[in-house]
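What follows is each chain in one-letter form.
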Amino acid sequence: MSSQTTTAAPYRRVARSLGAGAPVFALLVVLLVALAATDPGFYEPDRFLAFVKRAAPLVILAAGQYLVIVCGEFDLSVGAIVTAGVVAAVEIYGSFPNAPWPLITAGLLLAGAVTGLVSGLVTTRLRVPSFITTLGMMLILEGAVFFWTGGSPHGQLSEGFRQLGRGTAMGRLPWAVLACLVAGCVAVLLMRSDFGRTLIATGDSERAAALAGVRVHRARVIAFVLSGTAAALAAVLVGGFSGVSAQAGRGYEFEAITAVVLGGVVLGGGRGSVVAAMAGAFSLQALFTLLNLQGVSGALESTVQGVIVIAAVGLGAADWSRLRRRRTHSSGGRPS
Amino acid sequence: MSGTTVAPPPASPKTRAPSRSRLTDPAVGVWLAAAAVTALGWITVAARGGDFLTLANVVGILQNCVALGLVAVGQTAVILTGSLDLSVAYLISLGTLVAATTMEDGGVVTAVLAVLALSAAVGLANGLIVTGLKVNAFIATLGTAFILRGWIEDNYTGPAGKVPASFQHLGYDRIGPVPVSLFLLAAVAAAMWLITRRTRFGHHLYATGGDEHAARLSGVRTRRTVIAAHVLCSLCVGAAALFLASRLGAGAPWAGTEARYDLESIAAVVLGGTVLAGGRGGVAGTLGGVLVLAVLDSVFNQLGVDPFFKNVVRGVVIIAAVALYARRGSRRSA
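Keeping their order, the protein sequence lines are chains A and B.
Per my numbering, the very first residue in the first sequence carries number 138; after that it's consecutive.
Per my numbering, the very first residue in the second sequence carries number 8; after that it's consecutive.
To be clear, the hints were calculated from the coordinates, so they are not data collected in a lab.
Glycine included, every Cβ here is placed at the ideal spot set by N, Cα and C.
Heads up, some of the hints might be wrong.
Derived DEER-like restraints, expressed as beta-carbon distance ranges [claimed, not checked]:
#1 A:Q431 x B:L131: 29 to 35 angstroms
#2 B:A63 x A:G380: 29 to 35 angstroms
#3 B:D161 x A:W285: 33 to 39 angstroms
#4 A:G432 x B:E111: 29 to 35 angstroms
#5 A:A173 x B:S225: 50 to 56 angstroms
#6 A:R355 x B:L39: 43 to 49 angstroms
#7 A:Y180 x B:T117: 36 to 42 angstroms
#8 B:N308 x A:L263: 55 to 61 angstroms
#9 A:L254 x B:L131: 20 to 26 angstroms
#10 A:R352 x B:A124: 29 to 35 angstroms
#11 B:S225 x A:A345: 57 to 63 angstroms
#12 B:L331 x A:G297: 55 to 61 angstroms
#13 A:A187 x B:L39: 56 to 62 angstroms
Among chain B residues calculated to face chain A with C-beta under 10 angstroms, some are [what the hints assert, rightly or not]:
#14 V119
#15 A121
#16 L123
#17 L140
#18 A144
#19 E160
#20 F174
#21 R181
#22 V185
#23 V187
#24 L191
#25 W261
#26 G311
Covered, in the sense of this in silico footprint (three residues per stretch, anywhere, with C-beta under 8 angstroms from a C-beta of chain B), are these stretches of chain A [what the hints assert, rightly or not]:
#27 226-238
#28 275-281
#29 376-382
#30 389-399
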């Protein structure tokens with residue numbers, strides 16, 4: 138099984154990623170068609186780009202979360218990193234109103250990477266399950282943010298800093314869409330590189346990967362670092378897009394994990410593609426938009442979301458296992 | 008569930024139970040930790056001229072254990088099977104609302120039955136989604152949580168219903184110095200201990216969590232076991248909701264979510280030495296974990312520590328504790 142996943146020929150890989158991710162692409166198409174049917178103006182360039190801009194933070198978070206999930210771990214701290222990033226930027230601007238925005242952005246990305254590094258090291262070296270590590274990290278970050286700001290952050294982000302979240306480059310294209318594209322390309326290239334394969338191998342079978350010479354711990358730590366960095370990037374976008382609040386990142390960790398799982402990526406690692414994970418994020422955002430347009434009361438929105446998530450994942454699990462059984466007849470059934 | 012634990016040693020809890028009641032057992036360790044934290048808190052508070060171990064304070068700490076304790080005991084059963092329940096927070100909120108509104112119109116007994124029936128139904132749904140649809144427990148219960156949240160937000164805008172004085176006895180009365188609610192926790196925990204340690208179903212719980220495939224091949228109906236664990240967990244959550252309703256005097260949509268019972272209960276279970284991947288641990292350790300968190304809270308309150316700083320310490324304590332267990336486990340198997 139693992140030899141198939143690690144050394145598959147390219148066409149096989151495409152087929153497999155589509156096999157696992159097919160439901161999410163179908164879901165995305167259905168949602169986009171439904172959006173077009175509900176609102177004929179949805180595909181005007183400006184409005185569509187605005188939609189992508191809103192989806193960008195979630196897509197970036199999903200790409201980061203995918204890296205962690207595919208190697209068999211969780212990252213529950215991303216929401217807290219987003220909140221901490223936004224609040225930290227405000228506090229820095231409070232002290233140094235004239236700080237250049239590239240410096241602050243770079244600082245935030247670095248801080249996100251360091252947070253991921255700590256999570257990764259605690260998970261691999263101290264062998265704490267990542268669910269607990271990142272849950273603890275979430276408590277620590279949220280507590281620290283509120284402790285620092287006394288419960289309510291106030292202040293303003295500079296216009297330069299907010300450009301990344303709300304401004305546009307070259308006329309029409311929002312910076313956020315560009316950032317999203319860049320993050321997506323980086324993630325795809327990463328997963329096609331040797332590192333990506335070692336990451337999947339690690340998630341598929343840690344033992345086999347280690348015996349084959351993969352530095353399992355290092356691969357996992359790097360995944361956490363990248364996830365932390367992605368969360369910090371999302372923080373910059375969220376801060377620019379929706380401004381300062383102590384709730385900025387609340388719930389993002391669950392949304393990101395939902396998006397990744399919606400993309401057919403198996404919790405526990407070893408299966409799924411990053412493109413499908415990002416498609417999952419787009420689907421989730423499309424679903425929110427559609428519910429808004431359909432005038433579903435804000436309250437029922439989460440009910441519909443819950444039903445669809447369960448249904449989509451259940452459907453994906455069913456299709457996928459049938460597909461696999463047909464393709465690999467002889468392999469004994471492994472409980473999934 | 009998590010890739011960090013490499014195949015747990017295939018030892019049945021039954022044969023290991025006698026030899027494990029030593030200091031290296033996390034369940035013993037966490038109670039020692041609770042004692043140590045209490046002693047430390049007593050010294051620090053005494054050094055500041057306060058008095059930590061007053062009767063009122065001790066009763067207060069125990070009272071604070073009840074709600075989280077009930078949820079965590081239920082969560083233990085689910086985690087032992089290698090599953091997880093993230094829907095508990097919203098189930099508590101909904102439970103208090105249903106309890107309070109039903110009590111307003113009908114009797115207390117109908118309300119209690121209604122809440123327990125609701126809980127059992129939610130647990131059954133969780134279990135069926137996890138086993139039948141093969142949705143990962145994390146996503147399945149998160150989905151249920153979203154569904155419950157939508158239901159709550161759609162039907163209730165704020166606190167609703169009213170709990171009659173007769174039912175508030177549960178939250179406020181005392182027998183001697185001991186709060187009545189503590190007996191509720193003790194009864195639920197004892198029942199759960201008996202179920203997990205002394206019944207065939209309990210052994211099936213451990214077997215399913217240890218290695219689901221092996222358990223199924225040995226004739227354990229793993230699906231039924233997981234479903235039953237989810238139902239048991241939700242019933243415990245229902246009990247917690249009833250307690251909170253009697254404490255609050257009304258139903259509140261934020262009763263479960265504000266205290267984050269979903270993540271807190273998982274943290275308490277893991278703090279108590281139950282392995283998140285399932286198959287090892289137990290109710291006794293969980294109660295110790297809940298006690299440690301409650302004592303920490305009380306110490307910080309007495310010292311007047313910033314409430315937000317408490318979260319930071321909590322996070323560190325949880326990570327450190329689990330890191331200790333992981334080291335110990337590896338030394339034993341080495």
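Outcome of the hint check:
Remark: the range hint 29 to 35 angstroms for A:Q431 to B:L131 is upheld by a beta-carbon distance near 30 angstroms. As the Cβ distance of B:A63 to A:G380 is approximately 45 angstroms, the hint placing it in 29 to 35 angstroms is violated. The hinted window of 33 to 39 angstroms between B:D161 and A:W285 holds, with their beta carbons roughly 36 angstroms apart. Taken as a hint, the range 29 to 35 angstroms holds for the pair A:G432 and B:E111, whose Cβ atoms sit roughly 32 angstroms apart.
Take A:A173 and B:S225: their Cβ atoms lie about 54 angstroms apart, and the range 50 to 56 angstroms holds. In this structure, A:R355 and B:L39 break the distance hint of 43 to 49 angstroms, their C-beta atoms being roughly 36 angstroms apart. Distance hint check: the CB atoms of A:Y180 and B:T117 are about 54 angstroms apart, inconsistent with the given range 36 to 42 angstroms. Between B:N308 and A:L263, the C-beta spacing of about 30 angstroms breaks the proposed range 55 to 61 angstroms.
Roughly 43 angstroms separates the CB atoms of A:L254 and B:L131, a value that falls outside the hinted 20 to 26 angstroms. Look at A:R352 against B:A124: about 53 angstroms separates their beta carbons, and that is not inside 29 to 35 angstroms. Between B:S225 and A:A345 the Cβ separation comes to about 26 angstroms, which falls outside the hinted range of 57 to 63 angstroms. Take B:L331 and A:G297: their Cβ atoms lie about 46 angstroms apart, and the range 55 to 61 angstroms is violated.
Distance hint check for A:A187 and B:L39: the Cβ-Cβ separation is about 58 angstroms, which falls inside the suggested range of 56 to 62 angstroms. For B:V119, the suggested interface contact is broken, since its CB lies about 26 angstroms from the closest CB of chain A, more than 10 angstroms. Using the Cβ-Cβ criterion of 10 angstroms, the hint placing B:A121 at the interface with chain A is not satisfied: the shortest such distance is roughly 20 angstroms. Of the supplied interface hints, the one on B:L123 is violated, with its beta-carbon coming no nearer than about 23 angstroms to a beta-carbon of chain A, more than 10 angstroms.
A hinted interface residue such as B:L140 counts as satisfied when its beta carbon comes closer than 10 angstroms to some beta carbon of chain A; here the least separation is about 3 angstroms, so the hint holds. Because the beta carbon of B:A144 sits about 9 angstroms from the nearest beta carbon in chain A, less than 10 angstroms, this interface hint is met. Residue-level restraint check for B:E160 holds (minimum Cβ-Cβ distance to chain A is 4 angstroms; threshold 10 angstroms). With 10 angstroms as the threshold, the beta carbon of B:F174 stays out of range of chain A, its nearest partner Cβ sitting at about 28 angstroms, so the hint is violated.
With a cut of 10 angstroms, the hint placing B:R181 at the interface with chain A is violated, because the nearest CB-to-CB distance is about 33 angstroms. For B:V185, the interface hint is violated, since its Cβ never comes within 10 angstroms of a Cβ in chain A; the closest pair sits about 31 angstroms apart. The closest approach between the C-beta of B:V187 and any C-beta of chain A is roughly 32 angstroms, which is over the 10 angstroms cut-off, so the hint fails. At about 28 angstroms, the closest approach between the beta carbon of B:L191 and any beta carbon in chain A exceeds 10 angstroms, and the interface hint on this residue is violated.
The closest approach between the C-beta of B:W261 and any C-beta of chain A is roughly 14 angstroms, which is over the 10 angstroms cut-off, so the hint fails. Annotation: interface hint on B:G311 violated; nearest CB of chain A at approximately 14 angstroms, more than 10 angstroms. Note: the segment 226-238 of chain A has 0 residues with beta-carbon separation from chain B under 8 angstroms; the three-residue rule is not met and the coverage is violated. For the segment 275-281 of chain A, the stated coverage by chain B is satisfied: 6 residues place a CB nearer than 8 angstroms to a CB of that chain, which reaches the threshold of 3.
Taking a C-beta to C-beta cut-off of 8 angstroms, the segment 376-382 of chain A contributes 0 residues in contact with chain B, too few for the three needed, and the coverage statement is violated. Proximity of the segment 389-399 of chain A to chain B, defined as three or more residues with a beta carbon under 8 angstroms from a beta carbon of that chain, is established by the 4 residues found.
The structure is inconsistent with the numbered hints 2, 6, 7, 8, 9, 10, 11, 12, 14, 15, 16, 20, 21, 22, 23, 24, 25, 26, 27 and 29, although it conforms to all the rest.
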